[in-house]
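Based on these hints, arrange chain B on the given structure of chain A.
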Amino acid sequence: NAGVTQTPKFQVLKTGQSMTLQCAQDMNHNSMYWYRQDPGMGLRLIYYSASEGTTDKGEVPNGYNVSRLNKREFSLRLESAAPSQTSVYFCASSATGDFYGYTFGSGTRLTVV
Amino acid sequence: DQQVKQNSPSLSVQEGRISILNCDYTNSMFDYFLWYKKYPAEGPTFLISISSIKDKNEDGRFTVFLNKSAKHLSLHIVPSQPGDSAVYFCAASVVGTSYGKLTFGQGTILTVHP
Chain A
1275 NAGVTQTPKF
1285 QVLKTGQSMT
1295 LQCAQDMNHN
1305 SMYWYRQDPG
1315 MGLRLIYYSA
1325 SEGTTDKGEV
1335 PNGYNVSRLN
1345 KREFSLRLES
1355 AAPSQTSVYF
1365 CASSATGDFY
1375 GYTFGSGTRL
1385 TVV
Chain B
746 DQQVKQNSPS
756 LSVQEGRISI
766 LNCDYTNSMF
776 DYFLWYKKYP
786 AEGPTFLISI
796 SSIKDKNEDG
806 RFTVFLNKSA
816 KHLSLHIVPS
826 QPGDSAVYFC
836 AASVVGTSYG
846 KLTFGQGTIL
856 TVHP
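Order-wise, the sequence lines are chains A and B.
Mapping of the first sequence onto our numbering: position 50 corresponds to residue 1324, and the numbering continues sequentially without gaps.
Mapping of the second sequence onto our numbering: position 38 corresponds to residue 783, and the numbering continues sequentially without gaps.
Treat the hints with care, as some may be off.
Claimed, not checked - Just the calculated beta-carbon pair ranges, DEER-fashion: (1) 785/B <-> 1387/A: 33 to 39 angstroms; (2) 802/B <-> 1279/A: 28 to 34 angstroms; (3) 1281/A <-> 800/B: 41 to 47 angstroms; (4) 1353/A <-> 761/B: 25 to 31 angstroms; (5) 840/B <-> 1351/A: 41 to 47 angstroms.
Rather than coming from a laboratory, the hints here were simulated on the basis of the structure.
Quick caveat, the model's predicted, so the values are computed rather than measured.
Even glycine gets a Cβ: it sits at the ideal position worked out from N, Cα and C.
Just chain A, with the same shape it has in the complex:
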């Protein structure tokens, strides 16, 4: 009963490096989301995918790209990491329109130096 799995759990990048954060869910949910959590800012939506094959920008999309590879997987890519992208990243999924059904992964703590 894995739910939402995020990899890696921790990562340190140098400014300018690229990386992809992976997310997979096994609940047959249609919608998936990427949030970042920063002190004093709460959780802010980066990108979301309402269903397989669609992606849309959230509140803070600059510097990120996403891919909804299939119904299970939704990846977040940083093409050229910046110190401002130091954060904790959470992936979540939900059945379409199921507001209380958000299931979050345990997060990826990313540090950009």
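Structure of chain B alone, referenced to chain A:
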């Protein structure tokens, strides 16, 4: 433009007492509100929710109150227990739009002392 605000970064209460966490919102289109709880090194988990057609929803020790005219909601925990110590996020959404996107507040760290 923070549409959902939790103005108290932290709250400390004694075990057995009531904990009251507050949340304000500015977008009058929001019509569904939720509270999530987060422990360190874990993702947030759903706690309780309320639709804008109600002004109160109860689930065991947890009660959420909604005051639409004031655009304010609160979470009451009675009695508080040390295991309730966590970060609490309120969140809001507009039913029927944008596939369940939630807007979160900044979070309030609750510490319950034995």
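Structure-based check of all given hints:
no.: 1; hint: 785/B <-> 1387/A: 33 to 39 angstroms; in the structure: violated (23 angstroms)
no.: 2; hint: 802/B <-> 1279/A: 28 to 34 angstroms; in the structure: holds (31 angstroms)
no.: 3; hint: 1281/A <-> 800/B: 41 to 47 angstroms; in the structure: holds (43 angstroms)
no.: 4; hint: 1353/A <-> 761/B: 25 to 31 angstroms; in the structure: violated (52 angstroms)
no.: 5; hint: 840/B <-> 1351/A: 41 to 47 angstroms; in the structure: violated (31 angstroms)
The structure shown violates the earlier hints numbered 1, 4, 5.
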